[in-house]
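Engineer: Each chain is listed here by its residues.
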Amino acid sequence: MDDINYRIDQFDTKTEIRSYAAMGLVAGIVGVLLCVVSLMANARLFFQSWFFAAVFWTGITLGCLCFISFIHVIRPKWGLPIVRILEAGSRMIPYVALAFLPVLLFGMHDIHPWLQSAVVSDDMSKAKLTYLQTPFFTLRWGIYFVIWTLLAYALSGWSYQQDVSGDEKLRQLRVNLGAPAIFLLFITITLAMTDWVMSLTPNWSSSMFGFMMIVSQVLGAFSLVLLIFLIFEDKYPWNGYFDERTAKDLGNILLFLTLIWAYVSFSQYLLIWSADLPREISFYVVRNGGEWRILAELIVVFQFAVPFLLLLSNRTKRSRFMLGSVAGLLLLTGVLNLYWIVMPAFGLHRFNIAWSDLAAFVAVGGFWISGMMHQLASRNLVPQNDYRIAEEDMEHARR
Amino acid sequence: MKTESYQNRVYGIVAEFADQEKLIAATEKAKDAGYTRMDAYTPYPVEGLDTLMGFREPFLPWLAFFGGIFGAVAGFGLQYWTSVIDYPVNVGGKPNNSWQAFLPVTVETTILFAALAVILGMLVFNGFPHPWHPIFSVSDFDRMSTDRFFLCVEARDPLFDLEDTTHLLESADALHVSEVYDESETIENEDIVPARSEI
Amino acid sequence: MKMRMDILENQPVETKRDALLEGEQTLETVTHKVSSIVFEWNKHPRAWYVSLLVAFAFLGALTVGVAWLFYKGVGVWGINIPVGWGLAIVNFEWWMAIGQSLLLLSAGLLLMRQQWRKSISRILESTAIFAVMCAGIFPILHLGRPWVFYWLMPLGPNILGLWPQFRSPLVWDVFAMSTFMVVATLYWYMGLIPDIACLRDRTKNPTVQIITGVLALGWRGSARHWRRYQTAYYIVAGLCVAMTISAYSFVSFDFAMSIIPGWHSTFLPVFYVAGAIFEGVAIALTIIIPLRAWYGLQSYITDVHIDWLSKYLLGSNMVIVYGYFAEAFYTWYGGDKYEKLVLRNQMFGHYAPLFWIMMACNLIAPLILWSPRLRRNITIVFIVSIFVNLGMWLERFISLITSLSRSYIPSTWGFYTPSIWEIAVFIGSIGLFLFLMCLFVRFIPLMSLTELKTLLANDEGGKNHSR
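Chains as they are written, first to last, in the numbering used here: chain A, 34 to 432; chain B, 4 to 202; chain C, 120 to 586.
Some clues are possibly wrong.
What the hints assert, rightly or not - Where chain B lies over chain C, by a calculated footprint (3+ residues, C-beta under 8 angstroms):
(1) 145-155
(2) 274-284
(3) 316-327
(4) 511-517
Since the hints were derived computationally from the structure, they do not count as laboratory data.
Glycine included, C-beta positions come from ideal geometry on N, C-alpha and C.
Extracted from the complex, chain A is given alone in its bound form:
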């Protein structure tokens, strides 16, 4: 295929992607304006809302990064149409680092209870308090983001370069970096989620938590990316990729991730429930009690039962609309799930979803979508010079 023609053919799709980017930008600006109002009204509430939004969108970005590393290692065919969307998502790492800054600079005391001497109980060890103090906390925050940025830009950069040069060595480089990258990501995300989220309940700890958060992030990121792919599915160059086989594969991955999420979440719940130790069960006493219970039940039904039953059927996986709806549902419940994990730590009163929550979510998310769409539109929408595409062409030719 002629390279110039190819670029011209992608033009229409890219225009549409850029219009989404513009919409995201508008949403982001509106969100920020609302956030300013909210900051004036109640700074504490605002910082909590903003913190939640930053953690969620960081999670989506990290999910993209984990998933793209995985794809580089195993090089599956179904990965082709979503590679570029995932890469665009993973390149938002520096942006989400920026999104953390307001909290890090001004809001730490409104978020983290171990900075409020009144809350710190006696049985919290000195070593742990020192570990969580702001200077070391900030240093770690910086280290995580440096590692993630390097990984995201190295992996996506080599992928973009291969588009131009067609150098197969770049593919091997990505494979070689991919496996250690997954390991490094697992360790750093676990530490980061401990710092940011687990420490909100200072006396609570669970060794499953880091892994559970990684699984939720990958599930959320994959749902979002799948949704974006399905929106543009009929546009060049994505048209034709959503054949029966790819559809089934993508649907099965969504099903698999949903099941793993349920397995991991339920295991943690069951083990803590059965042991019933005061230092552990507090987490679920708050979150399964009172009004939060409604949210917990909604999550069980809509993040597990409904998508699970729908995804069992091949008809769901084959239909662009149905698969997209399930992905959208899982993305939404992913937000609720994180809300259910984070917000009760700020107190029971936080159950009513404050308008500042929405404002902050839209602000951070709007800019995220805008930036991500912009990244997506500035490169080829599907990798070129990849032997898997050539193989695919041969299969089509044979049929």
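Starting from the known structure of chain A, fit chains B and C onto it as the hints suggest.
Structural biologist: Just chains B and C now, with coordinates in the frame of chain A:
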């Protein structure tokens, strides 16, 4: 046209092929000629052959689904009944209906009954065990499981005609074309699924 | 388009599908190779006879060990208070891991459409079933009153009117194991039906004809039958994945549901399942490497297969290492002094030498395989797989014994040393496994003919196909 009584004894006409491409080509040819009652016998599942012949199997997944539902209800019901109704025991202060702790066994019974339903369903729908079938009398059929591919146009096909059908199959690059006689009283047809073209 | 084709030519050798079968293979050669191992029983290599002898010797140890145990009771074992769970439970975990993970691999790779699974799936599934049979010995012997083992099943209230305690993970294990045996055996048999039909069609021996004729159920390779067969096979494979992951998680719940320090950890289920895969892949390598040498299967189970298995070993190893990290980090972060004590005891206590051997086996030895050059050396892969088997056995031993021997109150501290009778039963279980493997190689097609033939048929548009 042969006489009625003769036709009843013929099960069909079988062609033997050396590879799957020739089998598929012959099947397409027979399908284009309007034949609907066909079956192929192959050493391994030949991709696309089932759709070509219009076989579908919509029931097995549902069988697994309902087997699973049955297993889930039975498994949870058993635990609920024994722990809440028949003989409640206070263990470690846990509630009688400790549904959290009942889920693991429920998962196992779900899997067990779903698997049993689908495997037994497959065997029953296929009519197994089925030790004798007219097709076994075809010479060379012992190579079916090794490297030969057979296509049988069955006598109950409305278009079936000894000469025409034989001719058609012979022209489809077959190694061998022969008639199969049904030695049993009746032609077994419990596993007939109407071809798609009929619907 | 032209440019892209050039890339296809340049793709690395290991991704070419035909490397999964070497030499000029046709449907006939494949069938002949597999069926001749079954038919030409007098041509088995000497290694088969030696294995059988070893198996009988070990089975002798099992008989003596179990007889003495039944005569005297579990007191002949080294178990005591506080260490009430000894070698029997360690061995149960170890064998269970092999069984669950190998079926998980076989079924999971089928769903992921991994072509390289095709020539080793039969070995994986058979090994899985045999390993779970070996695992099943131990909990029953450990009951103390093995003749009432059926009280664990809800067959009706026992003599006191009681039902099984469904809140206990030990009862979940009973359900997991019986479900596994039923489903795995049926799945395995289903895979065998077309292969048995093939043996039926090829044998000249009338006795074998009758036996295979009955077992093949009248299989005639009908396209209709294949359609239903494949649908059912894929569904059962999916169920097997769920079954094996849940079953081995239940094994981890035996420990994690308690409040014993070192056992009660929420990450344990994932850690155990990853550990099981790690161990299962290692045992698969330990079995496949000699087997393919003795029976000349190098053209069917090629170095590509060994390479893939090694990669899976590395992948699961990363989760193990993450698990060690998470355990250590959250023990420190959680700040519970008893948890910290257990960790310290593992590293520097009575059983510390075993801990460091385990670390060498589980952390250091697999590092060798990161080098593609060393990974291609079959001897090195074999040695690493032996180390991993040992390492995972020690892993189960350490986590079980250390926690029990040093619990909350110092007055309840104790030690555990396995007695000769426990070791005899462990060796005996290896003998049983070896014996079953010998029978398997002798009587059952080593590789799935159906799968090998689909591999041939879909290979590069049938270039390598039939004649």
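Engineer: Each of the hints needs a verdict: does it hold here or not?
Structural biologist: To see whether the hints hold, each was checked on the structure:
no. : hint    : in the structure
1   : 145-155 : holds (count 4)
2   : 274-284 : holds (count 6)
3   : 316-327 : holds (count 5)
4   : 511-517 : violated (count 0)
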